[in-house]
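Please take these sequences and the hints and turn them into a complete structure.
One point on numbering: in full-length UniProt numbering, the residue at position 427 of the sequence shown is 427, and numbering is uninterrupted.
Source of the hints: derived by calculation from the structure; they are not laboratory data. Yeah, the Cβ is synthetic: ideal placement off N, Cα and C, and Gly gets one too. Among these hints, one or two may not hold up.
[To be verified] Just the calculated beta-carbon pair ranges, DEER-fashion:
| no. | residue 1 | residue 2 | range |
| --- | --- | --- | --- |
| 1 | S489 | T166 | 37 to 47 Å |
| 2 | I264 | L65 | 46 to 56 Å |
| 3 | A512 | K129 | 23 to 33 Å |
| 4 | K230 | I67 | 40 to 50 Å |
| 5 | D504 | V250 | 28 to 38 Å |
| 6 | I264 | I127 | 43 to 53 Å |
| 7 | S222 | T251 | 36 to 46 Å |
| 8 | N249 | P294 | 45 to 55 Å |
| 9 | G466 | D504 | 17 to 27 Å |
| 10 | D504 | T241 | 16 to 26 Å |
| 11 | N467 | I127 | 34 to 44 Å |
| 12 | R253 | S176 | 41 to 51 Å |
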Amino acid sequence: MDKESPRSVSFRTHRRGERSNLNQHSKDVEEGFPLGRVPQDYPMKIVWKKGFIRLVLVGGILWMLLILLASLFHVWSCQSSISFFSAMCNKESKVFSMLDSLGFVPKGQSQHRCPIPVVSDPDKIKIPKGRTPDEIVKNLTYVLEDEILPGGTQSSPLFGGHQNWTQREESFRLKSDMKVHCGFIRNGGAEMAPADIKYAKKCRFVVASGIFDGYDVPHQPSDLSPRSKKLFCFLMAVDETSLNFIKENVTVREDNDGGKWVGIWRLVLLTHPPYDEPRRNGKVPKILTHRLYPNAQYSIWIDGKMELMVDPLQILERYLWRGKHTFAISQHKHHRSIYEEADANKRRKRYARPLIDLHMKIYRYEGLESWDPTKKTVSDVPEGAIIIREHTAMSNLFSCLWFNEVHLFTPRDQLSFGYVVYRLGGLFKFFMFPNCEYNSLFVLHPHIREHSSRIEWVTSWNQLKGNGTISNKGKDWDQANAKNGLIESRGGLGLWTPYPANLDSVVLPPVARTSKAG
Numbered sequence: 001m002d003k004e005s006p007r008s009v010s011f012r013t014h015r016r017g018e019r020s021n022l023n024q025h026s027k028d029v030e031e032g033f034p035l036g037r038v039p040q041d042y043p044m045k046i047v048w049k050k051g052f053i054r055l056v057l058v059g060g061i062l063w064m065l066l067i068l069l070a071s072l073f074h075v076w077s078c079q080s081s082i083s084f085f086s087a088m089c090n091k092e093s094k095v096f097s098m099l100d101s102l103g104f105v106p107k108g109q110s111q112h113r114c115p116i117p118v119v120s121d122p123d124k125i126k127i128p129k130g131r132t133p134d135e136i137v138k139n140l141t142y143v144l145e146d147e148i149l150p151g152g153t154q155s156s157p158l159f160g161g162h163q164n165w166t167q168r169e170e171s172f173r174l175k176s177d178m179k180v181h182c183g184f185i186r187n188g189g190a191e192m193a194p195a196d197i198k199y200a201k202k203c204r205f206v207v208a209s210g211i212f213d214g215y216d217v218p219h220q221p222s223d224l225s226p227r228s229k230k231l232f233c234f235l236m237a238v239d240e241t242s243l244n245f246i247k248e249n250v251t252v253r254e255d256n257d258g259g260k261w262v263g264i265w266r267l268v269l270l271t272h273p274p275y276d277e278p279r280r281n282g283k284v285p286k287i288l289t290h291r292l293y294p295n296a297q298y299s300i301w302i303d304g305k306m307e308l309m310v311d312p313l314q315i316l317e318r319y320l321w322r323g324k325h326t327f328a329i330s331q332h333k334h335h336r337s338i339y340e341e342a343d344a345n346k347r348r349k350r351y352a353r354p355l356i357d358l359h360m361k362i363y364r365y366e367g368l369e370s371w372d373p374t375k376k377t378v379s380d381v382p383e384g385a386i387i388i389r390e391h392t393a394m395s396n397l398f399s400c401l402w403f404n405e406v407h408l409f410t411p412r413d414q415l416s417f418g419y420v421v422y423r424l425g426g427l428f429k430f431f432m433f434p435n436c437e438y439n440s441l442f443v444l445h446p447h448i449r450e451h452s453s454r455i456e457w458v459t460s461w462n463q464l465k466g467n468g469t470i471s472n473k474g475k476d477w478d479q480a481n482a483k484n485g486l487i488e489s490r491g492g493l494g495l496w497t498p499y500p501a502n503l504d505s506v507v508l509p510p511v512a513r514t515s516k517a518g
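Below, the structure is given as structure tokens:
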């Protein structure tokens, strides 16, 4: 028995060895190796296989991080005010929409600039033949003589006329044939020289601008195609103060017909300014472009401090012809309701606060609600620095009615735009394009000098009537010692004419400030 014990131990050891070899052989067979043959590089292959798996995992993680960083950069570029980065943004892409739904896009912020989907080659743009048919208003004429006062005496002519409340109300009732006030009352001011009238008669396509009170010089458009240079007239309306200022700062050449030019811009002098307030004078060529240049079929208005960066033919194709529109304007970046815009105007001292409040009370009494998403319009407040129009009867009527509100009330045209749209009851069709495209149309240059009138610093009725002290005096329109204080004598008279209703009980809608910039 003693001799057999070692044999048993040895036998069990041998059996374990056999089982170990058998397991190894089975594993080799499973991995594709013949029985008894294990390659010498097998351990290296195991190490390589595990390393490859780790490499794939690390690479996948790095790739996902790279995609995430690129996506976040895309979101950031859409919020950037730097044109190079903002041009990379495509807000309509699926990636942006997905990130927005996941909460990566900051709310309450809007894109500053974005690419404009224009036709790349202006030479390939097909200009429509003829004119857009007039379907509602077919014949539009204008009041040219100021009214006769009771007793048969002629009133002192005002550029915008002495429109009364009844005439104003009637002007919003659309008919096939209409006659309305639309500025340019005889002997009311803003007269053009015969040479400029003759030149403007040949202009079917117009890029219009204006500088008043000498706080800018003309900026030459960039990237103009040879076709647009031949097709468009570039007309810059100026007053005498601005003409002298421009002559002192840039080169003005004169042609054989007496026309004055700064680069591609022809300067159109408007003598006898129709208003006391320079900002109100600037609304004449801006809103009444169709009256100043009556032979033009298409016009693009651009404020005098802007440098146009997109070819005018591309602009007309993008904003009018492609969608068959006759009027296009950008939505405001921050505000949708005119009551928000009015509040911002008061904070920024854009006009007398009590007069802005009275202006808004009239609109509120006449039924204008604050803007909300259920309205058919994108916004009630535009960015008015660029206006694109085909001069149809309906488009011209809208411009007349818009100007009449500016003539009657405050010169802040953004406060009147949405009201006129409301009064026309949805019959005036227009294209309000995204603000980010608006900012991609131009380069904004700072004013050479800032314009400020005393009327803009007024905070009370006493100050308006000359009984109060204005702490921050302006430098342009000093009438502190005048008989009527700061009251304009030729514009805004609707704010001083008794309104045919009691406005004391009118309460303006509450306004929540939506942006630091607004």
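request  = Using the Cβ atoms, figure out if N249 sits within 45 to 55 Å of P294.
outcome  = violated (31 Å)
message = Taking the Cβ atom of K230 and the Cβ atom of I67, is their distance within the range 40 to 50 Å?
response = Distance hint for K230, I67 holds at roughly 48 Å.
request  = Hint says 28 to 38 Å; check whether the CB-CB distance for D504 and V250 agrees.
outcome  = Because 52 Å falls outside the window, the suggested range is violated.
message = Given a hint of 41 to 51 Å, does the C-beta separation of R253 and S176 actually sit inside it?
response = holds (47 Å)
message = Range first: 23 to 33 Å. Now tell me if the beta carbons of A512 and K129 are that far apart.
response = The hinted range 23 to 33 Å is violated for A512 and K129, with Cβ atoms some 49 Å apart.
message = Verify the CB-CB distance for N467 and I127 against the hinted window 34 to 44 Å.
response = 59 Å Cβ-Cβ, so the 34 to 44 Å window is violated.
message = Does the beta carbon distance between D504 and T241 stay inside 16 to 26 Å, or does it fall outside?
response = violated (41 Å)
ask   = Does the hinted range 37 to 47 Å hold for S489 and T166 at CB?
value = violated (23 Å)
inquiry  = A range of 36 to 46 Å was offered for this pair. Does it hold for the Cβ distance of S222 and T251?
reply    = violated (19 Å)
query = Do the Cβ positions of G466 and D504 conform to the proposed distance bound of 17 to 27 Å?
reply = 24 Å Cβ-Cβ, so the 17 to 27 Å window holds.
ask   = Between I264 and I127, does the C-beta distance stay in 43 to 53 Å?
value = violated (20 Å)
key: Range hint compliance [Cβ, I264 to L65, 46 to 56 Å]   = holds (51 Å)
In the structure shown, a violation is registered for the earlier hints numbered 1, 3, 5, 6, 7, 8, 10, 11, in ascending order.
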